[in-house]
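Asker: Could you build the full structure based on these sequences and the hints that come with them?
If you're matching them up, the sequences are chains A and B in order. Residue 418 in the numbering used here sits at position 418 of the first sequence, with consecutive numbering throughout. Residue 230 in the numbering used here sits at position 230 of the second sequence, with consecutive numbering throughout.
Incorrect hints may have been included.
No copy labels: a pair is met if it fits in one copy or bridges any two.
Cross-link-like lysine to aspartate or glutamate pairs, in silico, DMTMM-like; alpha carbons within 20 Å at most [to be verified]:
#  : residue 1 : residue 2
1  : K188      : D274
2  : K20       : D52
3  : K369      : E123
4  : K288      : D126
5  : K20       : E56
6  : K321      : E56
7  : K20       : E412
8  : K24       : E56
9  : K20       : E49
10 : K192      : D410
11 : K278      : D294
Keep in mind that the hints were calculated from the coordinates and are not lab data. Small disclaimer: the values here were computed from a predicted structure and weren't measured.
One-letter residues, chain by chain:
Protein chains: 2
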Amino acid sequence: MSLIVQKFGGSSVSDAESIKRVAKRIVATRKAGNDVVVAVSAMGDTTDELLDLAHEVSPLPDPRELDMLLTTGERISMALLAMAIKSMGVEALSFTGSQAGMITDAQHGSARIVDVTPVRVREALDQGAIAIVAGFQGFNRDSRDITTLGRGGSDTTAVALAAALGADVCEIYTDVDGVFTADPRVVKKARKLDRVTAEEMLELAASGSKVLYIRAVEFARRHGVTLHVRSSFTHDEGTWVISRTEGEEVEEPIITGVAGDLSEAKITVAGVPDTPGKAADIFTIVAKTGANIDMIVQNVSAAATSRTDISFTLPKSDAEKVLTALRAEQADVGFESLQHDDQIGKLSVVGGGMRTNAGVSAQLFTALKHAGINIEMISTSEIRISVITRADILNHAVQIVHTAFGLDGDTEATVYAGTGR
Amino acid sequence: MSLIVQKFGGSSVSDAESIKRVAKRIVATRKAGNDVVVAVSAMGDTTDELLDLAHEVSPLPDPRELDMLLTTGERISMALLAMAIKSMGVEALSFTGSQAGMITDAQHGSARIVDVTPVRVREALDQGAIAIVAGFQGFNRDSRDITTLGRGGSDTTAVALAAALGADVCEIYTDVDGVFTADPRVVKKARKLDRVTAEEMLELAASGSKVLYIRAVEFARRHGVTLHVRSSFTHDEGTWVISRTEGEEVEEPIITGVAGDLSEAKITVAGVPDTPGKAADIFTIVAKTGANIDMIVQNVSAAATSRTDISFTLPKSDAEKVLTALRAEQADVGFESLQHDDQIGKLSVVGGGMRTNAGVSAQLFTALKHAGINIEMISTSEIRISVITRADILNHAVQIVHTAFGLDGDTEATVYAGTGR
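Answerer: The structure is reproduced here in structure tokens:
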């Protein structure tokens with residue numbers, strides 16, 4: 001008997017019909033002789049609708065209250081899913097984040113898991129029941145308040161449960177067949193990957209591949225959780241995300257995939273005095289807002305003025321609070337102005353084989369140059385190169401690069417109905 | 001400084017605009033120098049919509065999961081209300097039933113409060129914040145599960161909090177101006193009562209007056225909580241529900257009001273063997289379902305058959321489960337058939353002065369007879385007489401009786417938009 005954790009996103013449970021379909025799938029896994037734990041997201045667009053309501057009653061909703069509000073979404077879907085399963089004659093019990101022992105820090109809106117104590121989940125399994133856990137949410141012991149893990153938090157919930165329970169596999173159900181060399185909605189000839197290392201998956205997730213969220217992949221890699229990303233519309237194998245153990249040889253392609261990301265904005269702090277510690281001052285202010293900074297570029301200072309510009313990218317949703325925080329400290333830091341650009345796109349190529357293959361950067365820049373695409377910022381890691389372009393030509397750039405690196409498949413990828421997670 | 005508990009029903013918080021209006025009202029009470037605790041219902045029709053969803057995924061939704069599902073409604077409204085208040089610059093904290101210490105028994109769907117330990121509510125008040133508490137919900141300590149108090153549970157939440165906190169008054173906001181001699185939607189010349197005893201209110205609530213729920217009135221009477229039923233659309237005084245202390249003389253009108261109730265159904269257990277203990281058998285079966293029985297009538301047994309019929313009324317929503325339970329035991333009990341009638345209406349006249357005034361029953365029956373209205377069942381208490389009629393003539397009967405007892409006012413009552421609670 002295996003212990004399987006299954007995660008279903010919002011598009012898989014968007015209405016009563018799809019909830020019943022998911023329930024059937026879960027019941028089939030149970031009847032095949034497995035213990036099953038399910039992490040579930042809010043139905044369809046529930047979270048966005050609740051966010052809209054919050055902004056209608058308050059320009060800047062209180063973070064504690066916002067978490068209380070948003071966590072109702074997963075409670076609705078988990079209770080409905082448990083009911084649907086029970087009406088098929090199989091025992092099921094739903095648990096909120098706090099009931100499932102998802103202990104987090106107190107950072108409302110993007111809390112981090114500090115401990116997982118799934119006592120009641122284990123009790124449910126011991127009784128032969130399927131445990132349904134609300135994704136995305138946790139509980140802070142000190143404040144006794146409900147928290148949320150941020151967007152994509154249901155993936156993290158699933159992986160954290162899989163790690164804590166020692167699950168054999170954590171299945172992430174989505175509306176595509178697995179992980180692709182590029183988003184099949186953008187690149188028609190994108191190929192499904194049968195397997196990918198956790199390291200590569202991490203870079204893909206960080207680069208805007210929405211199939212898995214970065215924190216979930218990080219968590220899986222750190223705890224050696226095997227992920228299986230697969231379609232909730234078929235029973236085909238999807239993509240296995242494997243954690244490579246020390247010394248193990250894995251033959252890696254030079255380039256695993258190309259990712260595009262339109263979720264970031266660029267903030268430029270212009271006219272920063274070129275004196276020691278100013279960058280530290282700025283990023284201390286930014287860090288206090290809880291925003292996640294991605295790329296940072298500091299221009300060479302203009303000799304005449306002894307002032308420099310610092311640009312960084314961050315999730316669009318964090319931009320407003322960072323701008324507010326920086327404006328409040330403008331006099332202290334002494335910069336001249338702030339610029340906000342939300343029309344940027346990020347293109348990344350990822351591949352473990354890059355380590356041992358020089359010239360990937362050159363190949364990327366050449367392909368973009370031939371297509372007349374301008375590069376505004378560059379950042380690299382050991383197995384990834386990312387560049388910032390204008391937002392409106394990002395998809396075109398991804399297609400160009402996918403072809404340039406010889407990733408195009410022979411057939412077109414299947415894309416199912418539904419778009420979100 | 002007074003401590004005021006305010007309860008707002010679903011029609012007072014049906015959308016973002018009305019939530020902001022309620023928030024303003026609460027803030028005004030706080031700024032007038034009072035400590036304020038608020039109990040809030042789910043927005044508009046949320047509870048009914050969630051119930052519909054539950055029935056779409058499961059013919060007979062699991063009670064534990066149903067409570068988990070339904071309690072999200074109040075969590076949404078309380079979080080939005082707290083946000084709205086905070087955005088007006090006043091501190092506010094929302095609490096779920098369990099966070100507010102509403103400890104109940106384990107009867108999902110109609111749990112009873114066994115203890116109220118509002119530690120966090122007190123802490124919030126001590127910090128100068130307004131405490132917003134989710135109505136309708138509680139927490140069972142043994143199962144560690146979330147429970148609901150049944151329909152009208154938000155009134156009970158408000159009164160229980162008022163009792164536990166020693167509040168000066170519990171204000172119940174509604175879409176009418178207070179308690180009337182009859183439903184102003186049915187009887188145009190119904191008069192608002194300035195004050196009513198808790199005892200009379202209890203009978204009115206039990207008789208279908210929807211302005212206050214019976215369990216809330218019971219709780220208020222038992223704990224000496226002063227209720228003030230008033231409109232959320234005006235600042236006028238409403239109706240004060242006073243707990244009469246021992247020996248206090250209150251001049252009571254003979255008839256306080258007339259109530260109509262369309263929420264009940266009648267079940268007849270036909271052909272019950274006329275042997276000792278059969279009624280006990282039947283009502284033991286019914287009690288196990290958790291259904292609340294109202295009126296009971298047992299016919300004289302037909303001598304030829306030694307069998308009798310037992311009829312009782314109960315909330316329509318409980319009928320199906322009671323019928324199912326009885327059918328399952330039909331062979332054991334030995335009755336012949338079950339009849340289900342959901343087209344009944346209940347008319348009640350209530351008044352503390354009835355105690356010392358004979359002839360009220362005769363006056364009621366005469367009025368109904370002159371109007372050609374047939375009476376199917378009768379039940380009485382010390383200060384109430386109720387009769388069952390056909391559902392379609394109930395409103396007419398209420399109007400006739402209101403006039404017959406001289407309750408008609410000189411002007412028409414104001415009825416506001418919105419119908420529910």
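Asker: All the hints need checking, so say for each whether the structure fits it.
Answerer: Outcome of the hint check:
Proximity of K188 to D274 under the C-alpha cut-off of 20 Å is found in neither arrangement, the shortest distances being 47 Å within a copy and 79 Å between copies. With identical chains, the CA atoms of K20 and D52 are at most 20 Å apart between copies only, with a shortest distance of 15 Å across copies and 28 Å within one. In this homomeric assembly, K369 and E123 never come within 20 Å of each other (Cα to Cα): the closest approach is 59 Å inside a single copy and 63 Å across copies. In this homomeric assembly, K288 and D126 never come within 20 Å of each other (Cα to Cα): the closest approach is 43 Å inside a single copy and 29 Å across copies.
Only between protomers do K20 and E56 lie at most 20 Å apart by alpha-carbon distance; the minimum there is 9 Å, versus 33 Å within a single protomer. For a Cα distance limit of 20 Å, the shortest separation of K321 from E56 inside one copy, 18 Å, qualifies, whereas the shortest one across copies, 41 Å, does not. In this assembly of identical chains, K20 and E412 lie within 20 Å of each other by CA distance neither inside one copy nor across copies; the values are 30 Å within and 51 Å between. For a Cα distance limit of 20 Å, the shortest separation of K24 from E56 across copies, 15 Å, qualifies, whereas the shortest one inside one copy, 38 Å, does not.
Taking the shortest Cα distances, K20 and E49 sit within 20 Å of each other only across copies (18 Å), while inside one copy they are farther apart (23 Å). Taking the closest pair of Cα atoms, K192 and D410 come within 20 Å of each other only inside a single copy of the chain (12 Å); across copies the shortest separation is 79 Å, beyond that limit. Within a single copy, K278 and D294 get their C-alpha atoms as close as 19 Å, which meets the 20 Å cut-off; across copies the closest is 76 Å, which misses it.
Violated hints, in rising order: 1, 3, 4, 7; the structure is consistent with all others.
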